[in-house]
Each structure stands twice: as structure tokens, then as C-alpha cells.
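Each chain is listed here by its residues.
Number of protein chains: 2
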Amino acid sequence: MSNTTTQFSPGILSMLPLFYVGWSDSVLSPSEMKLIHKKIDAADFLSKEDKAYLIQWSNPKNIPTDEVFRSWVKALKEYSVDFDLIDKKSIAKIGAEIAQASIQYKQDQIWKSPKTIDALEDIEKALGLKNQASLKILKRSLGSEEDLGDENSFDPTALRKILDGERVATKDRMRKLLRDPAFAYRDIRDKDEYRLDILWKTKLLAEQGVGGYAFPTEYGGGGMSGDHIAVFETLAYHDLSLTIKFGVQFGLFGGAVYMLGTEKHHKLYIEPLTKAELLGCFAMTETGHGSNVRGLETTATYDHNTKSIVIQSPNLAAGKEYIGNAMHSSMAAVFAQLIVDGKSHGVHAILVPIRDADGNILPGVTVKDCGYKLGLNGVDNGRLWFDRVTVPVDNLLNKYGDIDTDGKYNSSIDNPNKRFFTMLGALVAGRVCVGLAGLSATKSALTIAIRYALERRQFETGDNGPEQLLLDYPTHQKRLIPRLAKTYAYSFAMSQLAEDYVKADEGQIRKIETKAAGLKAMATWHTTDTIQECREACGGKGYLAENRISFLKADSDIFTTFEGDNTVLMQLVAKGLLTEFKQSFHEEGTTAVIKYLRSRIMNTVAEYNPIYKRMTSVDHLMDRDFHNHALRYREKKILLSISNRMQKYLKRRIKPSEAFLKVQVHMMDLAKAYIERLAYKEFVNKIDSIEDGEEKNILIKLSQLFALTVIEEDKGWFLEADYMEGVKTKAIRRMISKLCQELRYEAHGLVDAFGIPDELLGAKVVM
Amino acid sequence: MSNTTTQFSPGILSMLPLFYVGWSDSVLSPSEMKLIHKKIDAADFLSKEDKAYLIQWSNPKNIPTDEVFRSWVKALKEYSVDFDLIDKKSIAKIGAEIAQASIQYKQDQIWKSPKTIDALEDIEKALGLKNQASLKILKRSLGSEEDLGDENSFDPTALRKILDGERVATKDRMRKLLRDPAFAYRDIRDKDEYRLDILWKTKLLAEQGVGGYAFPTEYGGGGMSGDHIAVFETLAYHDLSLTIKFGVQFGLFGGAVYMLGTEKHHKLYIEPLTKAELLGCFAMTETGHGSNVRGLETTATYDHNTKSIVIQSPNLAAGKEYIGNAMHSSMAAVFAQLIVDGKSHGVHAILVPIRDADGNILPGVTVKDCGYKLGLNGVDNGRLWFDRVTVPVDNLLNKYGDIDTDGKYNSSIDNPNKRFFTMLGALVAGRVCVGLAGLSATKSALTIAIRYALERRQFETGDNGPEQLLLDYPTHQKRLIPRLAKTYAYSFAMSQLAEDYVKADEGQIRKIETKAAGLKAMATWHTTDTIQECREACGGKGYLAENRISFLKADSDIFTTFEGDNTVLMQLVAKGLLTEFKQSFHEEGTTAVIKYLRSRIMNTVAEYNPIYKRMTSVDHLMDRDFHNHALRYREKKILLSISNRMQKYLKRRIKPSEAFLKVQVHMMDLAKAYIERLAYKEFVNKIDSIEDGEEKNILIKLSQLFALTVIEEDKGWFLEADYMEGVKTKAIRRMISKLCQELRYEAHGLVDAFGIPDELLGAKVVM
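For the protein sequence lines, the chains are A and B, in the order given.
Numbering-wise, numbering that gives the first Met the number 0 puts 695 at position 696 of the first sequence, and it's gapless, one number per residue.
Numbering-wise, numbering that gives the first Met the number 0 puts 440 at position 441 of the second sequence, and it's gapless, one number per residue.
Keep in mind the hints are simulated off the structure, nothing from the lab.
If you're wondering where the values come from, they're calculated on a predicted model, not measured in any experiment.
Accuracy of the hints is not assured; some may be wrong.
Which copy is meant is left open, because identical chains are indistinguishable; a pair holds if it fits in one copy or across any two.
Below, computed lysine to aspartate or glutamate pairings styled on DMTMM-like, alpha-carbon distance capped at 25 Å [said to hold, decoys possible]: (1) K661 / D471; (2) K763 / E296; (3) K650 / E66; (4) K367 / E545; (5) K574 / E532.
The following block holds chain A by itself, in its conformation from the complex:
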């Protein structure tokens, strides 16, 4: 080491690893080069000659010749660094070590001084090279044959605990329970047989007491509705037919009895239903009225003489549709227009027995099997019609509307509209559950696809090495890794919503409903999109039943429709935002307020103008303030623009209903902008709540990728709105691909952290 032949000074040597990776990693942008230029100028550990040399090669138009490049590699190789020890090191530190190794007077401490190392690391960070992927490039090129390995920078088990959150005990209990051989998958193709298998497993769950979490202990329940949601979420790692059957019995049917009924119903029904001795269904949707629940046609007419209610389906299209558990249930919670004394009081729920103890259909009830479906064939969906079916008045679930002993209708909520929404609001848990279940299915698909991509090789690299791993392809990274980041974001947001819901009082519930509607829609669209991508990313293997992605695809497909069609839900969210907006400025007159707000938003951007629009430094692009600002700006701007339009239309005497139609497509954009901003907010809130460490670091990286991804997906909007210029959106694209490249080495641990037991994953070993 003493008889060195290199012509490079220690100063240059300290910078060479950065230069080497910088030049070979990708095309550094002019602004990145300008930055390095500046930093070199400022570095006091470099001599004037060092600086001149380095600046020469930091001009993007001046590409080092082959010869120069080879001289760098040679110089770097001369000072053997122990790569096994540097796994957690930075490129900057390697540079400093090489410089140190090259000097004669070892007592000289300049290359060990924290100040020098800090300065070098500052450059490393500014260039976006502070990551595993860059280290890997350096290590590979400098001749060390060993791999960095699949070791993640963080501990997947610790990350799993962060994901599981408050409900870790329940989730772990469920993981253990479902691994029991009794729950082993059976690929049954005949629907009736499959449904029996699922029914049997549902009863098994009830035996274990997990059906009772949502209900108070005095009725044999667990008293923890947050745990009920956690059970549902974890079940969704398993067969989704079982998940949905469970949800119908305990969540929908049980929820209706508990939330819409009163003590007399609780005493009678809660215990038997948590034990799955009483099987019930939730008969709301009608063939003729899917999303428009308020317009249901089934009638429930009160007869004061007999103190009974007569349930009637007035026509074929008023039949109850897609009713889960319809083929096994002995009771239905039927939603119908309640008519008392000839007057309709809107939709109420009534408990209607539909089968006797032997399973025979009761008189007046017609049940028809919905038959096979794209998926969820273990769930017995059916259609129900009622012809003069009479039940005692006590069967009315009477929490929000009752009939007194004089035969008069009364309700604590006078406004029928408000009453209707209060009843529906009591059932908001369904949307939270479906959103979480969608995300669980997404996690299963990503786990399968990422593990596959880390085993499966495709083409040779052309230099006689082995074929490349699928996940080494940038196109493959782009398919899976941003979707992984989104999955984390929506997971945290949805889990937070679940906790907020459990703890919410009545005043908060309306806001939670809006969030639940929007998050359910965005999370389940994300589910459909991601599982589809995972299917394709696994090629033919993804199509085979044995790898289970096909089940995930087929079973989860309906999530975008049920518990509220996503498009309809997004319209609701947007209407909610518009109403809030209007209300908050009711007195002052909207036009003035809009003008004021518009100027404020404009000013906010203008402050940074025009540098902000063209700012492409790594620091800025990764900065939370930038992400927050961009996402917030988009939401507010769209909101303003819709308000403006609506005003114009209304002035032009266009009917409100027609005016809403005209802005319908923009309302979708608004809802999307809101939910993406919300998801990001919840993600960073979560990050702020956890301790410093590698798990936090990896989550920060994922949150950055999430924000940049949603911004990039809508870059057309940001450019149109002149919020950014092309140079910035291009820099974002580059940053995303750098993050993907970097997270490629963390992907294995990031799916391990979902904590899905192999028995539940159910995929045959990939190859």
C-alpha cells in the first residue's frame, strides 16, 4: 500500500467513489451537477488542484473518457476496503477511508474528522446516492464478488408491529388460529359444497368466540369493535369467501341488530348470532335500486289491529338482490319503506324470519340463488321476495324510529332525511372493513409477486452471467414498488380511520363517513389495480389456481362495487367537501370568499415563483413540505374551480341536479385529490408517532415514493395549472425510478412485514 502508483491525491480519492457511482448510475441532471460544483468549491479538504480536476469532470457535457474512467477504477481498487464491514456504510465514508489509506502520515486525521465526513455525506445525499442501490453498484464494480445479500436495512418483525398497530394481539391470535389445519384451503368448485365448507369454517370461528368482538360482553360479546375490524382484516389474508361470510353474519346482520335495534333485540338475538346458531342476512339492496337505497320499493306496512308489520315486495325488481348468507339464513334484516297509518316514514329495518328450524322456506318468502359469480363462490348470495309476510311489531329495529302502543310513529330524529343517514351511518364499519380487506388481499398479491420476482430469472444479461432476476428490471420495479408504497399509505390511513371510528362520538361520525367512503373507494380501486398488475407480473404462473393470485383477483373484484359503488361514493365525498366549503363561508357571500381564497392560493405559490416551479434538488423533491403543499394546492384549486363552475351554472338558471352532472367528472378528481392528500397525511402522522430507527427511515422513504407517485400520476394537472414546469416533473420521474431501484433491495422485507403466514398465502412455491 505504500508503493502506490496512483496519480491521485487523497482529496481526489475521497471523492472518486461518489464520482464513479454518480457517472455510472444514471445521467445526472444539470442542476445536480451545478450543486456538486458548488459543494466542491466549498470543500476545505480539497486543494486548488483537486478542485480543478474534479470540476472538470463534473460538467455533464464533459464525459470522462474511457481511459480516465479506467484510471479511477484502478485507483479505487488499489485500496482494498473491507466490503463486508461496509454494508451499513455510506459511499462518502468509503471515500474517506480510501483517502486515509492512501496517505503516508497516518497520524494525519483530516480523513477521519467528522467535519470532512459530514461534508462528503452532504454531497452524497445531495446527489441522491445515499442508498443501498448505489452502494451495490460500487461494491459490484470494485470487484468484490459477494453480494450485499437480501438483508434489509430494517427489521421486518419490528415493522410488522408498527403495521399491526393497536390490534397486534388480536391479529396475532387470528394468524395463529387460521394456520390451524381445520382452516386449510380446499379448492372446491361446486358452489353448494364450497358454501358448506365456508359455513362450517364460519361456525368454527364463532366457536372460537371471534364473532362476538363487536358486541358488549353482557350479550356474550367481546366488547371491542376495533378488534372485530382487526379480525376481519386478518381473515382477509385467508379465503375471501370466508371473510365476506363472516362479515355478513357478524358485521352486517349482527351490526344491524345491534346498532339499529334496542335492548329487547339485543337480549334475544345477539348471543345466538355470535354463536352462529342464528344465521342472518342483511337484505338492503334491491334489483331495481342498487346505489339509491333511499328509493327502495319494499314496503313494511303496520297493521294496528294485529300489532304486526306486513312486508311486501311490490314487483319483481323490488326483490332483494345479491343478499349474502341468503341460502343459509333463518332470518333477514329487511330494509323497507315503513308505512304507518297510510304514511311512509322512509326506510327502516325489520327482522323477518325466512326459514324454519328445519331450513324450510317460510310461507310468502321466495328465495332464489344468485348462482355462480366471478368469485366469492363460497358465499351464498341470493334474491329475496316477500309476499304479505307478517311479523310482530317488535321485530322493527326501533332505535331511530318506533311505533308506540297507540300505533303512532315516533322518532328521535324528526327530519326523515337525517334519520335515514343516521341509520346508514351506524353501518359505516362495513366500508372500513371492506377497504381493509381489499388491502389485505393486495398485500397477499404483492407478497406473492415480489417473492416470485426475486426468484424468477428472465433473460441473460449478455455477459454470460445468470439471467436477470425479474425485479432487477426497471419496468418490473415500476410495476410493483410504487404500488407497495401505496399499499403502506392506504393501510396506515385506513387503520387510523378504523381507530377513529371506534372512538368517535356522534358529532364526529359524519366526517368519518366521508373519509370511509373515499378511502374505501380509493383502497379498493388500488386493490383491483394492484392484484391485476401482480397477476400479469407473475406471467402464466399468476393465472394458475395453485398460486392463488387468481382467487385474489376474482374474489376481490366486487369490492369496488359493494358497500357502495366506488363512483357513487366518490361523488358523495366531493359533495361533502363542497358543502363544507359552502357552509364555512355562508355569511360572507361566496364570490368574495372565492376571490379571496384564489388570491391566497396563488400567493402561496407565487412566493416561491419561479424557482419553486423549477426546483429539482433531491432535498426539495424528497421534502415533506413540498409533498404537502402540492397535494393541498391541487385539492383546494379543484375545489375552487368546481365552486366557480357551479356558481356560473346556477346563475345561468341551470337546475342544480344538471349543474352537478356537468361537474361530475371534476368531482371525481376532487375526491381523489382529497383522499390522496388524506392518505399522505395519515402516513406521515404515523411516521411521526414512532421512534427513530431504521423502520422509521424505510417508512419515510415509502412515504416519499407514495407522494411523488401520486404527484407524477397527475403531472398533467400540475403542469396545466402551472404549479410545476417540465423540468421539475421530469426530475420527479427520475427520483421515482431511483427510489424504486433503492427499494428493490428492501422489497423482500417490506412484504415480510405484512406478516402473512405461508399457510394463508397459500401460493405454491414459486420458481
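Dock chain B against the given chain A, drawing on the hints supplied.
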């Protein structure tokens, strides 16, 4: 009519219908208003007072008051126009008629003069109001209760003939044949039973002679491979399992024997295979080598002593994977590395018997069922392994490589690489077929979803009318109608490719391969995307087996993977374009050429600058020249940018394989830009080839929507590249929603024109 009370002059009256619809239809953009301003100024049929009045109300900031607006409506209603007669009229003509009706001296001909009407129609067109939707607004608002009805502006049967093209006779024959009760759908869930049903139907097709179209008449074939493709395309309106089984037997296995074999094989095998007496499979893909066919590991070793070839699977992963027809076949065309005299000559196909006449597996052959799949469960996919299976040398399909009587290998193509690609090229029909089949499935899904959206009502409008039809919602239009336009575009492009392929000579085949790869990828991604959207657009109904979208979804899902994984195919396309680009300037030195080209591209845009970038007139946005220019510009610009990058990387001594990885994501963009441009080109070529008339007009409209849709989807790119400014991309978005609104009244006829018999559609009546 004589005692008129209106204060309006005939001149104003002639313009009022346009003003009325203009103001109520949507927010007219400032540039549209400027235009109308100009036209009013120029109109010689308007008095000075008329002009002043009209210009007053053509200022976007000056919204007519409620009172003014009501006075317009009143004036318009005074002159009752016979709306039943104006179905095919324009708003301009209605204006002229009203003006005419208002004047005292009926002999005055100014309002009947073609010049006046032309001037009015000119304004109508410039405002983008010349369409059914605008007429509908006028008609509805002016009190005529009747509807314009579902009458289309064109004749769906005539349009169907244009779609069917040259193969109308074969397609009609297939439509008739498949409607036969023998082909009725049977929803069989057990795979073995389902496979037998499909096998039986395949034999039925063979009996009808449709399996022979691809082969010369001397071997009992039909001699028309174009008709073979048409059969496949039409079959794909039926059960896709049947389509694929048919394709494997006659297209892949039959195609291998015919295209890779020689006369001795044709004489022996073609006739029995077209009759489905000889069932065969196409054993190419291996578990360990999906997309990398060249790297297959199965060996075929020639033994000169016995004049035989020994087939060997060297390991488990070298087993043949996903082989369709594997469970029913008695013969396999096995692709293996041919080894003669110890030397490998690359991949060749050999006919290997795998079952005896009684269906018993032959010694050395192992067959394993692939089991259930996401869809296509009527196709018997299996895995195949060979252990020292010996066949006579005559079983080598020896068109491109043979072993002579001395045991020496010889081939007309010296270069093994070229030989390999020539063999694969002979099989390009498979990609054309899969692309077309995907489009057929897409058409089925769109037909079901659009018919559903025209029957299904969702919410009330709020003014006590019936609930709105789904297709009246702009969000719903946006989901279905641009996808309908894309389906037309890809259909015409794919059909043209099929005809080009059939007529191609060897010199043209390479270019057709590139197009086939790209169109197959884009068409099948479009299939997956559209069927998914149709499923969701039908809500719960779309999930039920009885409405068949679920089958279309599950069965077609693998189309993006088989006959070449789409991502891999798109890379091929991009590499092809890059190579072409490089070759065409080989001598002159690439850098100089790139510089030259770049300046040319820039100049082309600069010519129009800056007006072009901000041009938002209806005429311009609907103009073919604009579409062509935008699509071509994008493709060339991306191509240049990749070339630039590649050069830089290579200069920086990055290995070519690594450099390709670095631009991989951009290569996807390039291939996409190329294929979208190609599809548009073929669409307008088709339009130019047909006679003037309403069918041509509707196709022009669809082509405009297609072009604007693909431009809008990538508006981020166009804005980044500074090809357009925000004002233009926003105008495009408005134009798309106008076109959707307009085509909503044509959608019924546009799906009727696909000509899918109800029996094949197989959807239960929607409600």
C-alpha cells in the same frame, strides 16, 4: 303567428337557438366566444342593432340574466317548429326556420338562402354544437315532449359490414354456425367435464370444416389463412375456452406442422389434424424459460446409428409448461435444442407422439395437469417432461433446418439467430389471432355494459322525473365511450394487419412481426382494462356469471401474457424501432443525424409557435393534421431522446445490456407512442377507403375521439415537452366530454354494429 309579441328581429331569432344551446350546454371558452364574436361581425344577414345585441351576450363574463334567458325561450317557443321533421336537421337550420316564420313578407328569401344557412352552420360548427346531443338539448327545452329516440344517425348493419371487411362471408357463416343449439353455453364447473364439452365442440367445428381454412386444399384444407383468422376472431364472441382450444389445435399445432414442416409432414398429418382426428399440442414454453424461448433446455439429440432423435428434459424446470391440449393430445410439436454430432444448432420443432390410440401415455413421457386456472378452465393445460423419448428423424419439422442421410445438419439459413427468428416469424399469426380475440371479448363486454347503461336507472334528477339512465352520467360516458372508440381503432388496425400478414412476402414479414407484437400487447391491455371497467360499470350484475362479463374477464386475463408477455413484446417493438433508426443513418454518423433530426422536429413545431401550442378552436382540435402531428411528434421525440441517452451511456462505457435496462421504462413509452400512432393511421386509412355517408361520419367522430383520448391520457408528456400549453390540453378535455355526450346517443348502434348474436353474447336480459 302573425300577431307576434316577441321583441326580437328575425336576425336575432335566427341566432337564438345557437345562443340558447351554447349558453346552456357548457361553459364556452373565451376563444370560442371570440370566434362567435368575429362571425357575428361578419354576418351580412344581421343588422347593426342585431349585432350589438348578440355581441352583448357573447361575452363570457356577461351572463344573460334569468329574465333575458326566459325571453329567449319564449320567443323560440312562439314559432313552433315541427321537431319530428328536424331529427336530421341542424340547430342553424332551425334558427333560419324560426326567422323565416317570424317575418311578414314571406316572399323574402333571405332566411332560405343557402348563403345564410351556410353562415349559420359555420357558427354552429365552430361552437362544436353540430351534433345530436345539442339538438336534444334544444328539443327538450323547447317543450317537445317526445324524445329524439334511440335512432342512430347511421345504419348499424352498414357499419357492421365495414367492420367485417373482406371476411364478411366467413364471419357471417361463423355467426350462424355458433348460434346453433349444439354450441349453447353450458356452465360446467368441473374442469374435466368442461374440457370434454369443449373438446366435443372443437370436433363439431372440425366436422364443419372450419379447422381447415389455414391449409391448402390439397390436404383437405380451405386454402385461406385470412379466413382462419376470421374464424378465430368470430369464435371469440363465444366461449373463449373453445376459441383457445381451436387455436391450439389448428393454429399452433397445425401451424407448426404446416409452416415448419415439409411435404412429408403435410401429407401425413394435415388432413387428420383438420378433422381433429389427430389432436396435437404445441410444446414450446418451459417452466424455467417463459419469455426466453431461445434459452430452452429440452434437448433433441440425433443418433445416426438408429436415424432417430432422442428427446430429453434435463431437469424439472425444463418441463414444458401451460401446454394447451396436453391432456387430450396424442402428439406434441416439441421445441428443443437440436444436437447433431455433439453440436447444438439451436431450437427446432420435432413431432413427438405422447399417447397411444387408447389414450395411454407413452413410455418416457410424463404429463401433469396444470389444474384449475383463473379462467379458460375448458382448456386442458398441462406440463410435459420427456425422458429418453425416441422418434424417427423424419419427425423433425425440417423446413428451416434438416439432417441429411449422412447425418449432417444443414439449413438454408446459416445464421442460427436468424434461423430461430424465421421459425418464430412463421408463427406470427398467433399474435394477430390473440389480439383480435381480445378485441372480440372487449366488444362483447362493451355491448353488455352499454346496453345495461341504457336500461338501468340510478338516481332521480330531483325534479320528479324518472331516475337517470346510467349512460346519462358524464362519469359513465367517460368510462365507456372513449374505450368504445379505442376498440374501433384497434379493431381496424388489427384487421388490416391480418390482411397484410396473409398477403406478405418474406421481405415484409419482419415489419409485420413488430407491428403484431405491439398491437397484440396494446390490444390485449386494452381488453383487460375495458372488460374490468365494464364489469364495474355493471355493478353487482357484472359480477354474476349469468351476465357473462365475469367469464370474459377471467378468460381473457391471460391474453396479456400468452403468445408473448406484453412487457417483453413492447421491448421488442422499441428495440425494432431503435434498430431501424440506427440503420437508416448508419453511414453518416449518428450524432450528426440526431442533431439534424432534432432541429427538424423542433422547426416543425416552431412553425406554428406559439399560436399552435395555444390553439383551441374546435376546427383545429378535431383536425386530422393536428392528431397526426401530435402523435408523430411524440414518437419521434421519444425515439430521439432514447437514442441520445443510449449514446451517452455507451460513451460512458456502460455495457449495452445495462444501458438498455436504464432506458427500459422509456422504451415502453416509445412502443406505446408508436402503436397508438399506427392504430390512428390505420383507422383514418380505413375511413378514407369507404364511401361518404353517415357511417363514414360516425367513424370520423370515433377517430377524433380516439386521437384526443390518447393525447389527453399522455397530456403530461405533451405539456412537459412544451408541445401544448395548459389552455390547449384543457380544451381537449372539454372536447372529449362533448364528443362523449354526443356519442352517447350513438352508442347503442355502435355496439349493434359489432354484430354479436344474442346467443353468443349470452348475457341474461339486463334490468
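To see whether the hints hold, each was checked on the structure:
no. : hint        : verdict
1   : K661 / D471 : between (46 Å within a copy, 11 Å between copies)
2   : K763 / E296 : between (48 Å within a copy, 23 Å between copies)
3   : K650 / E66  : between (73 Å within a copy, 11 Å between copies)
4   : K367 / E545 : between (32 Å within a copy, 13 Å between copies)
5   : K574 / E532 : between (32 Å within a copy, 24 Å between copies)
Checked against the numbered hints above, the structure breaks none of them.
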